[in-house]
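Colleague: Protein chains in written order, with our numbering: chain A, 1 to 306; chain B, 307 to 680.
Do not take every clue at face value.
Residues on chain B that point at chain A, a partial pick, calculated with CB under 10 Å [what the hints assert, rightly or not]:
hint : residue
1    : 471
2    : 564
3    : 566
4    : 602
Don't read these hints as lab results, they were simulated from the structure.
All residues carry an ideal CB built from backbone N, CA and C; glycine is no exception.
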Amino acid sequence: MTSTGFILQQLVNALFLGSIYALIALGYTMVYGIIELINFAHGELFTAGAFIGLIVLSALQSVGWVDSHFILTMVIVFAMAMAYVAVLGVALEHVAYRPLRDASRLAAILSALGMSIFLSNGMMLSQGVSDRAYPSIFGAEGITVMGAKITNGQIFIILLAVALMVALQLFVHRTRLGKAMRATAQNRTMSRMLGINIDQTIRITFIIGPALGAAAGVMVGLYYGAVRFDMGFIFMIKAFAAAILGGIGSIPGAMIGGLIIGGVEVLWAAFLPSAWKDVTTFTLLILVLYFKPSGLWGQGDVEVRV
Amino acid sequence: MKKIAIVIMCVALIAGFHGMAAAKTLKIGTLSPLTGPYAQDGTDIKQGVLTAVKVFGKLPGFDKVEVLPGDSACDGGKATMAANKLINSGVQVVVGAYCSSATEPAQIPLMDAKIIMITPASTNERLTQKGYKYFFRMPPRDDVQAWSTVQFLEKKLKAKTLALIDDKQTYTAGLTANITKFAKKDNMIKIVAHEFITPGDSDFTAVLTKLKRLNPDAIYMGVYQPEGSKMIRQARKLDMKSTFISEDAVYHPKFLEVGGKAAEGVYLTFAKAPDSPERRAFEKTYKKMWNAKSIGSYAYYAYDAGMMTLAAIKKAGTADPDQLEKTIRENTWPGITGKIKFDSKGDRKLAHIIWVVKNNKFVPYWNPITGKDL
Numbered sequence: 001m002t003s004t005g006f007i008l009q010q011l012v013n014a015l016f017l018g019s020i021y022a023l024i025a026l027g028y029t030m031v032y033g034i035i036e037l038i039n040f041a042h043g044e045l046f047t048a049g050a051f052i053g054l055i056v057l058s059a060l061q062s063v064g065w066v067d068s069h070f071i072l073t074m075v076i077v078f079a080m081a082m083a084y085v086a087v088l089g090v091a092l093e094h095v096a097y098r099p100l101r102d103a104s105r106l107a108a109i110l111s112a113l114g115m116s117i118f119l120s121n122g123m124m125l126s127q128g129v130s131d132r133a134y135p136s137i138f139g140a141e142g143i144t145v146m147g148a149k150i151t152n153g154q155i156f157i158i159l160l161a162v163a164l165m166v167a168l169q170l171f172v173h174r175t176r177l178g179k180a181m182r183a184t185a186q187n188r189t190m191s192r193m194l195g196i197n198i199d200q201t202i203r204i205t206f207i208i209g210p211a212l213g214a215a216a217g218v219m220v221g222l223y224y225g226a227v228r229f230d231m232g233f234i235f236m237i238k239a240f241a242a243a244i245l246g247g248i249g250s251i252p253g254a255m256i257g258g259l260i261i262g263g264v265e266v267l268w269a270a271f272l273p274s275a276w277k278d279v280t281t282f283t284l285l286i287l288v289l290y291f292k293p294s295g296l297w298g299q300g301d302v303e304v305r306v
Numbered sequence: 307m308k309k310i311a312i313v314i315m316c317v318a319l320i321a322g323f324h325g326m327a328a329a330k331t332l333k334i335g336t337l338s339p340l341t342g343p344y345a346q347d348g349t350d351i352k353q354g355v356l357t358a359v360k361v362f363g364k365l366p367g368f369d370k371v372e373v374l375p376g377d378s379a380c381d382g383g384k385a386t387m388a389a390n391k392l393i394n395s396g397v398q399v400v401v402g403a404y405c406s407s408a409t410e411p412a413q414i415p416l417m418d419a420k421i422i423m424i425t426p427a428s429t430n431e432r433l434t435q436k437g438y439k440y441f442f443r444m445p446p447r448d449d450v451q452a453w454s455t456v457q458f459l460e461k462k463l464k465a466k467t468l469a470l471i472d473d474k475q476t477y478t479a480g481l482t483a484n485i486t487k488f489a490k491k492d493n494m495i496k497i498v499a500h501e502f503i504t505p506g507d508s509d510f511t512a513v514l515t516k517l518k519r520l521n522p523d524a525i526y527m528g529v530y531q532p533e534g535s536k537m538i539r540q541a542r543k544l545d546m547k548s549t550f551i552s553e554d555a556v557y558h559p560k561f562l563e564v565g566g567k568a569a570e571g572v573y574l575t576f577a578k579a580p581d582s583p584e585r586r587a588f589e590k591t592y593k594k595m596w597n598a599k600s601i602g603s604y605a606y607y608a609y610d611a612g613m614m615t616l617a618a619i620k621k622a623g624t625a626d627p628d629q630l631e632k633t634i635r636e637n638t639w640p641g642i643t644g645k646i647k648f649d650s651k652g653d654r655k656l657a658h659i660i661w662v663v664k665n666n667k668f669v670p671y672w673n674p675i676t677g678k679d680l
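Work out the full structure: start from the sequences and follow the hints.
Modeller: Laid out in structure tokens, this is it:
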């Protein structure tokens, strides 16, 4: 393996992991941007997406669709997982967050933590405590560029993640609903006075954020090959760090933050002693917050800005 | 007259309570991770003990046998808390824990409370070297395991270079330290890298790519099954040419299920599985009782621990820790993992063999003691 190949391979590894973190981080950042709440149950929504993907994919595999209608199968699997988790997200908002919208922030955070435990235990009871194997859709086939091996599965997942992020950017900046979201994020009271339907805007946020998380869940299942009820926790920690690093509330911040966290994690382990991998990731987070408390793309507290 | 009546009533009450206490229940606690990444193995252990209690049936001298499951979560703090909880609920014997890093701290309160502790899974050699009288271990030790691995690498694989991966826990770090020690002593294999991963992680491509560039003859995966299954899949996707070797924590049906085709050709160390009618009967009962397709490797040891405990209590006629300890140590017990006889430290004389994954099954491959193919 040449040095170029080695570096290229590690960059692919980093890009892959970073895109997954970015997709999950978007869910945190969007919800925070709109209602200033850290949705601690987001990691569980991500896991729920992975399980729905598993159930749908297993069903489609048993009727042989994976071989005969590959693209259609993927569309159905991702669509079902995202739709189900979007419904779950809206329900979560309705049950756990809406009644507390005008209560103290601590109450909402406790409610989020409670929902996280509730969902996690629910999945434990319904899906079991152990790893569930995902059907092997992508084998070891792929392309080799200058000694770096990129599997078809990696290409598919990276492209899909990028497509979802581009679609989100277009939605937020090019549509009326997106504009309403940005306005609500800036100043909820003023937006309401101008006739924006705040409830609807929040609901849309709780559709998009969890749906992106669900897509990331399916990707993790497809690529790593196993899902478990508590797998959301480790991904949540990393994605949360990514959202904070990028500046919580900022959509491009979450994407870049995800890529940075994934990149540091992989590249540190690649070139320096791997025992220190996680220490470095979080040291970097502390350093960034020390010099720029609102994160790399953060714009400071909304109240201050207004 | 009234006073006398009250006194008689009190005496009757006390006698009554005493009579109730005499309705004797044997309480066996289990300590294993029922939550967290290793919950599969933890559940296997709990179910193994419950199966033993059911199969053994009536225990003379006791009205009933109760199993109290404790959750050690593969975490020292949680294991100690769970151990204390079991002590407070009055258990006489504890079967557990799974991770060596959970067993080690849990030993302290249990040994202080004079409770017999039998681990069905923890293999770090340190556990039996503390002079604890009431501690017994079912599986073979990690220094034996590491020795078998090094023998295999030197004599069968004839590997010249080796890379180690571990997740920094007591069990895995102990294994890689032992392998390093044995390899250095023989000086036939060069250890070219020692990499680390974090338990619970999913992505190991960075470390694997690093090892791909070094291209050692063999790579040792010192991890638990959930990480091992994902690691081998990623290694195959990277087209790595090294031979992969792993250990008893990865030796689990789940490794075959999640690893699938990627698991083919992986070598693992695990004790021999003696074929006996009792073992087959256990497999049948277990599968039926828990509606299970496959049986976790540590369910066998847990079942043996449970059966041996009950047989020893029957023989000793009491659950008193000192007499029970003596009975367990002085006798040889039948078991589905081979004959059970403990030495003065609480270890069995069990050896490992090398297994290989072939057609999605674990197949015996090589015996490090005789140096012969199996």
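Colleague: Given residue 566 of chain B was flagged as interface, is its beta-carbon under 10 Å from a beta-carbon of chain A?
Modeller: holds, 5 Å
Colleague: Regarding the hint that residue 564 of chain B lies at the interface with chain A, is the smallest CB-CB distance below 10 Å?
Modeller: Result: holds, 4 Å to nearest chain A Cβ.
Colleague: Quick check on residue 602 of chain B please, does its C-beta sit within 10 Å of some C-beta on chain A?
Modeller: At 9 Å from the nearest chain A Cβ, residue 602 of chain B passes the 10 Å test, so the hint holds.
Colleague: Minimum Cβ distance from residue 471 of chain B to chain A below 10 Å?
Modeller: holds, 9 Å
Violated hints are absent here; each numbered hint is respected by the structure.
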